Amino acid sequence: MQTVQNHTGAESAGVNAAANVDEIMQKVAEHKGCGTSGGSGKASCGSGAGENDLPPEIWEKVKNHPCYSEEAHHHYARMHVAVAPACNIQCNYCNRKYDCANESRPGVVSEKLTPEQAAKKVLAVASTIPQMTVLGIAGPGDPLANPEKTFKTFELIAKTAPDIKLCVSTNGLALPDHVDRLSQYNIDHVTITINMIDPEVGAKIYPWIYYNKKRYTGVDAAKILTERQLQGLEMLTERGILSKINSVMIPGINDQHLVEVNKAVKSRGAFLHNIMPLISAPEHGTVFGLTGQRGPTAQELKALQDSCEGEMNMMRHCRQCRADAVGLLGEDRSAEFTTDKIMEMEVNYDLDARKAYQAAVESERQAVVAAKQEELQTLAGAHSDIKMLIAVATKGGGKVNEHFGHASEFQIYELSTSGAKFVGHRRVDLYCQGGYGEEDALGTVIRAINDCHAVFVAKIGGCPKNDLKTAGIDPVDQYAGQFIEQSAIAYFKEYIDKVAAGEIEHVAKGDAEIRQGALIAA
Amino acid sequence: MAYTIVEENCTGCCACEPECPNQAISEASNGLFVIDPAKCTECIGHYDEPQCVAVCPIDLTCIIDENYPRYEAA
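In order, the protein sequence lines correspond to chains G and X. The first sequence begins at 1 in my numbering and counts up one residue at a time. The second sequence begins at 1 in my numbering and counts up one residue at a time.
Some hints could be false.
[To be verified] BS3-like cross-link-like pairs, simulated, lysine-lysine; straight-line CA separation at most 30 Å:
(1) Lys214/G - Lys204/G
(2) Lys214/G - Lys39/X
(3) Lys465/G - Lys493/G
(4) Lys493/G - Lys469/G
(5) Lys213/G - Lys395/G
(6) Lys341/G - Lys395/G
(7) Lys39/X - Lys469/G
(8) Lys223/G - Lys263/G
(9) Lys39/X - Lys152/G
[Said to hold, decoys possible] These stretches of chain G come out as covered by chain X in the derived footprint (C-beta under 8 Å, 3 or more residues):
(10) 81-89
(11) 137-148
(12) 213-224
[Unchecked claim] Short derived list, chain X residues pointing at chain G, Cβ under 8 Å:
(13) Ala15
(14) Gln51
(15) Pro69
Rather than coming from a laboratory, the hints here were simulated on the basis of the structure. Predicted model, so just to flag it, every value in this text is computed and none were measured. Beta carbons: idealized from backbone N, C-alpha and C, even for Gly.
Given these sequences and hints, build the entire structure.
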């Protein structure tokens with residue numbers, strides 16, 4: 001059909017690959033548990049996966065997808081269009097009633113679009129942001145509870161912007177009914193939110209579902225939901241469509257259980273598991289927000305992700321973005337692309353220019369990898385049990401290139417003799433707004449990165465520098481403008497040398513807070 | 001009686017619109033949804049429960065409209 005023919009070479013490869021689905025899924029199933037064995041110098045897999053960690057067919061599908069590859073998210077942007085607002089289940093962590101333009105969390109959206117408006121928006125964004133490679137429909141609501149609007153949107157975009165990859169995010173209840181159609185539209189990535197496989201656990205998360213023209217509640221609802229989710233996942237796997245699983249970590253409800261969920265989804269061919277912290281601020285008005293259900297701490301989240309990592313790829317860079325987010329992860333530009341503004345924009349969709357831009361990004365990306373590999377050589381043969389976290393202020397390109405005061409989030413890397421491994425990010429209030437320091441804001445920054453030994457910045461003022469030192473966090477500005485991982489490895493080498501020489505004593509750091517508030521839109 | 005949608009609770013999600021067996025539900029100019037009481041049959045004869053109530057994600061949004069007498073099935 002037309003939409004398939006219009007797709008790019010990479011996606012055609014995906015279609016061919018689907019013919020050998022057993023072989024691919026076998027490779028996915030065999031691929032597991034890297035990154036935790038120290039000393040090999042090999043980069044960790046999962047969210048930090050690189051070309052060498054994945055079967056080539058899988059790598060080809062995910063390499064430019066910011067939501068699948070931690071490394072790609074520095075270079076490529078995504079957008080979500082809100083065309084599908086209806087939902088067929090209720091989750092205790094979701095409330096679509098409240099929306100604020102400055103708020104970044106799944107489910108919120110400032111305006112919903114018709115499929116035609118969405119197609120225009122995609123063209124407008126893609127001609128403004130050439131690194132935009134992925135379009136997702138992620139709600140609010142469930143895209144497959146609104147199949148006509150969802151598929152109409154995909155059809156229009158496949159016609160007008162054939163190089164853009166399409167993906168969809170679903171709760172899975174209606175998934176088995178739509179797998180064949182997803183396959184027809186050449187959607188090779190699907191995200192399913194799976195928070196439980198035990199209906200008793202599910203009853204605490206989902207008050208009801210709407211299925212087969214009926215509302216079900218409690219354990220009955222959760223039982224239907226888990227059966228449909230796992231069936232949908234199996235059907236996707238059979239058709240060679242990549243599946244990522246999202247899970248919300250809810251302390252005391254499903255935190256331990258997610259290890260079982262991880263095993264269940266891996267055995268059914270899921271490619272990546274993204275365990276996210278519960279967002280439950282009371283002002284969001286969710287059931288969990290109102291009952292005071294807390295989210296996990298940074299240490300709890302990392303411990304769970306680490307414990308699942310031996311089983312399958314873990315994703316750690318998710319920003320839990322808005323359902324109408326636009327741009328690079330962590331840098332939402334949705335406010336620039338409201339319907340009013342799009343309608344006035346002159347759209348010049350230049351496919352060749354986009355390709356040229358993306359080729360430049362690709363060569364920059366290779367430079368980042370090369371720099372890291374070179375620096376890793378310096379760690380060869382180094383022996384140390386020390387593992388430490390550092391925070392990095394960056395505005396993209398894989399470089400230390402953001403002023404401490406301008407950072408709205410920090411990227412967290414774990415350093416060891418295996419190298420520098422991305423383990424997450426932390427949102428913070430801007431320390432410096434309008435050029436002056438805010439004492440309270442600095443406190444929140446320190447609490448958010450309190451488990452880090454150092455913070456890498458392009459620049460930092462004297463006052464925050466001293467306060468960070470007092471808090472036991474080393475402010476490092478010597479790597480301004482340089483590649484993150486290369487700099488981190490150099491810093492770590494110096495650090496363990498100093499520890500070995502007795503110049504400094506390595507002390508463990510404490511826990512950190514996951515900030516739940518709004519990400520301030522750019 | 002017919003059902004009605006409480007405007008301040010409606011999120012405009014449109015879950016109800018395609019489920020209504022009578023095409024009684026439509027989008028208003030403000031993006032929220034309304035029920036035409038002349039077309040609403042409370043789903044009697046179609047389903048065990050009103051479909052707008054069953055599918056609406058927000059409690060107490062689709063409620064009985066006291067202004068209209070109960071629909072009598074022919």
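Here is what the structure says about each hint:
1. Among the hinted pairs, lysine 214/G with lysine 204/G is consistent with the structure: their alpha-carbon atoms are about 20 Å apart, no more than 30 Å.
2. About 21 Å separates the Cα atoms of lysine 214/G and lysine 39/X, which keeps this hinted pair within 30 Å; it holds.
3. Distance restraint check for lysine 465/G and lysine 493/G: the Cα-Cα separation of roughly 22 Å lies within the 30 Å cut-off, and the hinted pair is therefore satisfied.
4. Taking the CA atoms of lysine 493/G and lysine 469/G, the gap is near 20 Å; set against the 30 Å cutoff, the hint holds.
5. With a C-alpha separation of about 48 Å, the suggested pairing of lysine 213/G with lysine 395/G is violated against the 30 Å cut-off.
6. A C-alpha spacing of about 25 Å is found between lysine 341/G and lysine 395/G, which places the hinted pair at or below 30 Å, so the restraint holds.
7. Only pairs whose Cα atoms come within 30 Å are accepted, and lysine 39/X paired with lysine 469/G is rejected, the gap being roughly 70 Å.
8. Pair hint lysine 223/G plus lysine 263/G holds up; C-alpha atoms about 18 Å apart against a cutoff of 30 Å.
9. A C-alpha spacing of about 29 Å is found between lysine 39/X and lysine 152/G, which places the hinted pair at or below 30 Å, so the restraint holds.
10. Counting residues of the region 81-89 of chain G whose CB lies closer than 8 Å to any CB of chain X gives 4, so the stated coverage by that chain holds, three being the minimum.
11. Counting residues of the region 137-148 of chain G whose CB lies closer than 8 Å to any CB of chain X gives 4, so the stated coverage by that chain holds, three being the minimum.
12. Given as covered by chain X, the region 213-224 of chain G passes the check, having 3 residues with a CB less than 8 Å from a CB of that chain where 3 are the minimum.
13. Taking 8 Å as the C-beta contact cut-off toward chain G, the hint placing alanine 15/X at the interface holds, the least distance being around 4 Å.
14. With its C-beta approaching chain G no nearer than about 7 Å, glutamine 51/X sits inside the 8 Å limit, and its interface hint holds.
15. Of the supplied interface hints, the one on proline 69/X is violated, with its beta-carbon coming no nearer than about 26 Å to a beta-carbon of chain G, more than 8 Å.
Checked against the numbered hints given earlier, the structure breaks hints 5, 7 and 15 and satisfies all the rest.
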